[in-house]
Amino acid sequence: MQRKGKKWLAVLFTAAVSLTVVFLTGEKEIKAAGETASFGSESYEWVQGEESPIGVYVSSDNPVYFAEMTVVYDPEMLQYSSGAGLEAEGRVRVETGGGGNTEVSQMLYFIPLRSGRTEITIESVTVQYESGETASAAAASVPVTVALAEGCALNALAIDGEPLKEFRPDTFSYTLDVGADTERITVTGTPEADTTTVSVSDTELALGSNTIQITTTNEEGSQALYTLTVNRAEPAKSPPEQKMAEEEKGTASKAEVIQEKDIESGTAAEKMILFILLALFFILVVLLLILIHILRKKRRYRYRAVNKRQHHKKMQDLQQKVTENLQEQQEEHIEIDVQHVTMEFKREKDEATSIKELLIRTIKKQRSYEMFKALDDVSFTVHKGEVVGIIGTNGSGKSTLLKIISGVLAPTKGKAVVDRSKIQLLTLGTGFDFELTGRENVYLNGAIIGYTKEFIDEKYEEIVKFAELEGFMEEKVRNYSSGMVSRLGFAIATIRDTPEILILDEVLSVGDMFFQKKSTARIKEMMNGGSTVLIVSHSTSVIKSNCTKAVWIEKGKLRAVGEPEMVCEAYQKM
Amino acid sequence: MAGKRKMERRKRQNMTEKERNEKRRQYIFVIQELTSREIKRKYSRSYLGILWSVLNPLLSMTVLSLIFSQLFKRSIENFPIYYLTGYILWQMFTGATNAAMTTLVDNKNMLIKVRLPMEIFVIARVYTALTNLGYSGLAYMVMLVVFQVTPQITMLFFPCIVLCLLFFTMGISFVLAEAYVFFGDVKHLYSVLLTLWMYCSAIFYPIENLEGVIRTVIEFNPIYNYIDAMRSIMMYGVMPPVWEIIRMAVWAAVVYAAGYYIFRKNKNKVMQKI
Numbered sequence: 000m001q002r003k004g005k006k007w008l009a010v011l012f013t014a015a016v017s018l019t020v021v022f023l024t025g026e027k028e029i030k031a032a033g034e035t036a037s038f039g040s041e042s043y044e045w046v047q048g049e050e051s052p053i054g055v056y057v058s059s060d061n062p063v064y065f066a067e068m069t070v071v072y073d074p075e076m077l078q079y080s081s082g083a084g085l086e087a088e089g090r091v092r093v094e095t096g097g098g099g100n101t102e103v104s105q106m107l108y109f110i111p112l113r114s115g116r117t118e119i120t121i122e123s124v125t126v127q128y129e130s131g132e133t134a135s136a137a138a139a140s141v142p143v144t145v146a147l148a149e150g151c152a153l154n155a156l157a158i159d160g161e162p163l164k165e166f167r168p169d170t171f172s173y174t175l176d177v178g179a180d181t182e183r184i185t186v187t188g189t190p191e192a193d194t195t196t197v198s199v200s201d202t203e204l205a206l207g208s209n210t211i212q213i214t215t216t217n218e219e220g221s222q223a224l225y226t227l228t229v230n231r232a233e234p235a236k237s238p239p240e241q242k243m244a245e246e247e248k249g250t251a252s253k254a255e256v257i258q259e260k261d262i263e264s265g266t267a268a269e270k271m272i273l274f275i276l277l278a279l280f281f282i283l284v285v286l287l288l289i290l291i292h293i294l295r296k297k298r299r300y301r302y303r304a305v306n307k308r309q310h311h312k313k314m315q316d317l318q319q320k321v322t323e324n325l326q327e328q329q330e331e332h333i334e335i336d337v338q339h340v341t342m343e344f345k346r347e348k349d350e351a352t353s354i355k356e357l358l359i360r361t362i363k364k365q366r367s368y369e370m371f372k373a374l375d376d377v378s379f380t381v382h383k384g385e386v387v388g389i390i391g392t393n394g395s396g397k398s399t400l401l402k403i404i405s406g407v408l409a410p411t412k413g414k415a416v417v418d419r420s421k422i423q424l425l426t427l428g429t430g431f432d433f434e435l436t437g438r439e440n441v442y443l444n445g446a447i448i449g450y451t452k453e454f455i456d457e458k459y460e461e462i463v464k465f466a467e468l469e470g471f472m473e474e475k476v477r478n479y480s481s482g483m484v485s486r487l488g489f490a491i492a493t494i495r496d497t498p499e500i501l502i503l504d505e506v507l508s509v510g511d512m513f514f515q516k517k518s519t520a521r522i523k524e525m526m527n528g529g530s531t532v533l534i535v536s537h538s539t540s541v542i543k544s545n546c547t548k549a550v551w552i553e554k555g556k557l558r559a560v561g562e563p564e565m566v567c568e569a570y571q572k573m
Numbered sequence: 000m001a002g003k004r005k006m007e008r009r010k011r012q013n014m015t016e017k018e019r020n021e022k023r024r025q026y027i028f029v030i031q032e033l034t035s036r037e038i039k040r041k042y043s044r045s046y047l048g049i050l051w052s053v054l055n056p057l058l059s060m061t062v063l064s065l066i067f068s069q070l071f072k073r074s075i076e077n078f079p080i081y082y083l084t085g086y087i088l089w090q091m092f093t094g095a096t097n098a099a100m101t102t103l104v105d106n107k108n109m110l111i112k113v114r115l116p117m118e119i120f121v122i123a124r125v126y127t128a129l130t131n132l133g134y135s136g137l138a139y140m141v142m143l144v145v146f147q148v149t150p151q152i153t154m155l156f157f158p159c160i161v162l163c164l165l166f167f168t169m170g171i172s173f174v175l176a177e178a179y180v181f182f183g184d185v186k187h188l189y190s191v192l193l194t195l196w197m198y199c200s201a202i203f204y205p206i207e208n209l210e211g212v213i214r215t216v217i218e219f220n221p222i223y224n225y226i227d228a229m230r231s232i233m234m235y236g237v238m239p240p241v242w243e244i245i246r247m248a249v250w251a252a253v254v255y256a257a258g259y260y261i262f263r264k265n266k267n268k269v270m271q272k273i
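Top line first, the protein sequences correspond to chains S and E.
Residue numbering for the first sequence follows numbering that gives the first Met the number 0, beginning at 0 and increasing consecutively.
Residue numbering for the second sequence follows numbering that gives the first Met the number 0, beginning at 0 and increasing consecutively.
If you are wondering where the hints come from, they were derived from the structure by calculation, not from laboratory data.
Treat the hints with care, as some may be off.
[To be verified] Pairs of lysine to any residue residues, derived as SDA-like cross-links and limited to a Cα-Cα distance of at most 20 Å, are as follows:
#1 452(S) to 264(E)
#2 452(S) to 27(E)
#3 107(E) to 35(E)
#4 264(E) to 293(S)
#5 186(E) to 287(S)
#6 272(E) to 294(S)
#7 39(E) to 476(S)
#8 39(E) to 477(S)
#9 272(E) to 290(S)
These numbers come from a predicted model, not from an experiment.
Construct the entire structure; sequences and hints are all you get.
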């Protein structure tokens with residue numbers, strides 16, 4: 000018993016392992032296929048105010064089905080003109096189909112606003128292949144120089160009165176390092192032409208890196224932009240500055256916190272989902288464990304019971320062997336041998352019908368069982384050719400006994416020896432579907448009780464005739480009277496060739512008086528065909544008139560076996 | 000005595016071997032009859048009858064295409080077919096498991112009175128769903144023509160996927176059918192689970208839009224596996240990668256084996272309970 004449990008666990012375990020293996024090996028890989036993003040040329044030189052083209056390219060080793068990317072530019076320097084969709088100021092979204100080529104390209108147009116130097120960058124490139132797989136490529140950027148308009152150039156640039164030595168009119172960006180105590184610088188530019196105005200952005204310096212823009216505008220309105228990056232050194236430890244620095248740090252970390260929050264709200268949903276999935280998984284595991292626990296308990300219980308019985312059983316076995324030998328000598332033609340059959344149903348006192356209830360009860364150990372014996376040590380034999388009637392009040396275990404004999408149920412103890420292939424259980428209207436027509440039901444019901452299609456085809460007319468339902472067969476059974484239904488059921492059930500063992504479960508009271516006569520005749524015919532018959536009935540008259548032997552079962556116990564007359568008399572007197 | 004018994008057993012075995020074919024034919028006949036009953040019953044009060052099996056996927060495709068094809072215009076090329084491919088497979092799975100879940104309880108009478116293997120009732124319900132898939136397949140084929148999907152040689156792989164899905168479905172059905180006998184709650188629990196499962200199967204949205212955990216979950220989802228493989232052979236003319244095929248087969252085999260094992264093991268208990 001315990002070994003069995005281990006086997007079960009082993010099966011579970013191997014299943015789990017193989018599943019995880021499949022999971023792990025099956026992860027979808029994104030294969031790098033040389034996806035690159037690039038521009039048409041290494042650098043660009045444009046003229047202010049003139050619409051200029053720039054080509055963006057995405058190439059790969061495999062045919063590209065679809066590609067998308069974001070092109071980032073400086074809106075102060077360039078104005079986006081056309082070519083793709085403007086996502087926001089400074090960002091252009093490019094989406095393009097590949098049509099199976101290995102390279103995808105798109106032309107974008109910009110109008111330079113000012114002279115100077117800027118950069119155009121391709122970001123977040125996603126390539127989709129025809130297989131549906133996607134891959135991403137690294138970002139790329141290209142320098143763009145916008146030629147100086149006439150008069151826009153500066154001749155010199157002075158910081159706090161001192162001219163910048165490395166200054167050249169066609170270099171647009173400079174870097175400068177200043178001490179920590181420099182809070183402000185003065186920037187003066189000398190333009191090429193007198194009519195050109197120079198404007199300088201805020202020159203107050205914060206700690207770290209600052210960008211100062213020097214814009215020149217000539218009389219025609221053309222502009223050039225020089226940028227000066229000023230790095231202010233970290234402060235010396237003077238108290239007020241430190242305070243300031245701290246304040247700044249505070250704002251910086253605040254900004255960081257905000258950013259983090261942004262990211263978190265993005266992943267929060269994901270975490271939530273993960274949590275839910277985990278919770279579900281957990282619940283499933285708990286349920287599984289409970290189930291295993293229950294099964295184990297049952298086994299243990301049985302195991303103990305078996306142990307107790309072992310000794311007793313050995314003795315019984317010995318006895319049985321002796322009796323079997325005897326029986327074999329005496330009676331050669333035993334067709335059905337019911338040996339000490341006990342059928343126990345475990346009935347829970349107010350049974351749990353929901354998992355919740357079951358859980359609560361299991362935890363509180365309130366699950367009390369009540370063993371209900373439907374059959375208690377019933378033994379009898381039926382010989383070939385006998386017609387045996389089984390009587391008993393409702394719920395005395397007659398149907399259970401029949402189920403055990405026909406092999407539908409397996410008994411808890413004992414056994415019923417019988418050749419199951421010979422048995423035919425005669426039941427009426429099993430699986431009748433009221434939504435189908437009579438004809439369809441004949442086939443359905445026939446199939447269920449074991450007729451082949453050819454057999455039904457052949458016997459169909461006969462069935463209809465016997466059931467007296469000519470002209471109703473295309474009608475739905477829903478519209479039949481109850482008598483018609485049982486007649487049809489009887490006709491289907493009894494059309495077969497007489498089997499060797501026939502079991503009749505309350506089939507002898509069907510239809511009106513005339514049909515009853517007919518059906519009784521049919522049953523008699525079958526009985527006289529030399530087959531062994533088991534009849535279950537409440538009616539003593541049926542048993543008295545048909546049977547050669549009667550078995551009386553009351554509340555699961557065998558009360559009497561023998562002559563029908565005697566047994567029926569005892570039954571009636573009860 | 001023992002020798003005699005052995006002989007008897009051998010004799011019986013011989014007999015069953017001879018009769019086995021006959022028996023199997025009989026079971027197939029029963030399954031056919033049960034299936035035709037299910038289908039007739041399903042449409043017994045409607046005028047269009049079995050036509051609904053064809054119409055249903057088409058209508059649902061139309062409705063969803065109306066809404067979602069705009070939404071996923073740029074990431075899904077042929078939304079109606081994309082959706083329909085997933086939908087018919089999903090329908091087959093849910094139809095089968097939902098029907099099979101209640102089959103033992105529904106057919107209680109037959110189970111008690113007739114000596115038929117219990118599996119037959121489960122198989123019949125799954126087979127009904129398969130038949131339905133056949134009718135939906137008709138609609139699907141018409142739609143393939145309408146949307147000018149070029150026939151591909153890979154489409155011939157289609158039965159293999161359906162077969163895998165069938166076994167997978169059968170395994171789940173066995174377990175559900177048995178569980179439902181003991182707990183009616185299973186039905187409600189399962190309907191919730193199915194909703195989750197449906198959204199995790201990427202039936203009407205492109206998986207490319209998702210990232211992180213949820214995407215991983217979807218990619219591990221066997222149903223998505225089947226749907227994805229189906230799409231790649233029907234729409235793109237590409238065989239699914241080898242690991243995907245292996246995974247499909249393994250899912251089917253493991254789930255079927257486990258389901259069947261559990262089913263066999265608890266057979267007697269089910270009979271008692273019913």
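Hints versus structure:
1. 452(S) to 264(E): Distance ~32 Å between residue 452(S) and residue 264(E) Cα, so the pair is violated.
2. 452(S) to 27(E): 11 Å, holds
3. 107(E) to 35(E): The given pair, whose Cα atoms are some 19 Å apart, holds under the 20 Å limit.
4. 264(E) to 293(S): Since the Cα atoms of residue 264(E) and residue 293(S) sit roughly 15 Å apart, the hinted pair holds (cutoff 20 Å).
5. 186(E) to 287(S): Within the cut-off at roughly 17 Å; holds.
6. 272(E) to 294(S): Given that 20 Å is the threshold and the Cα spacing comes to 15 Å, the pair holds.
7. 39(E) to 476(S): 13 Å, holds
8. 39(E) to 477(S): 14 Å, holds
9. 272(E) to 290(S): 16 Å, holds
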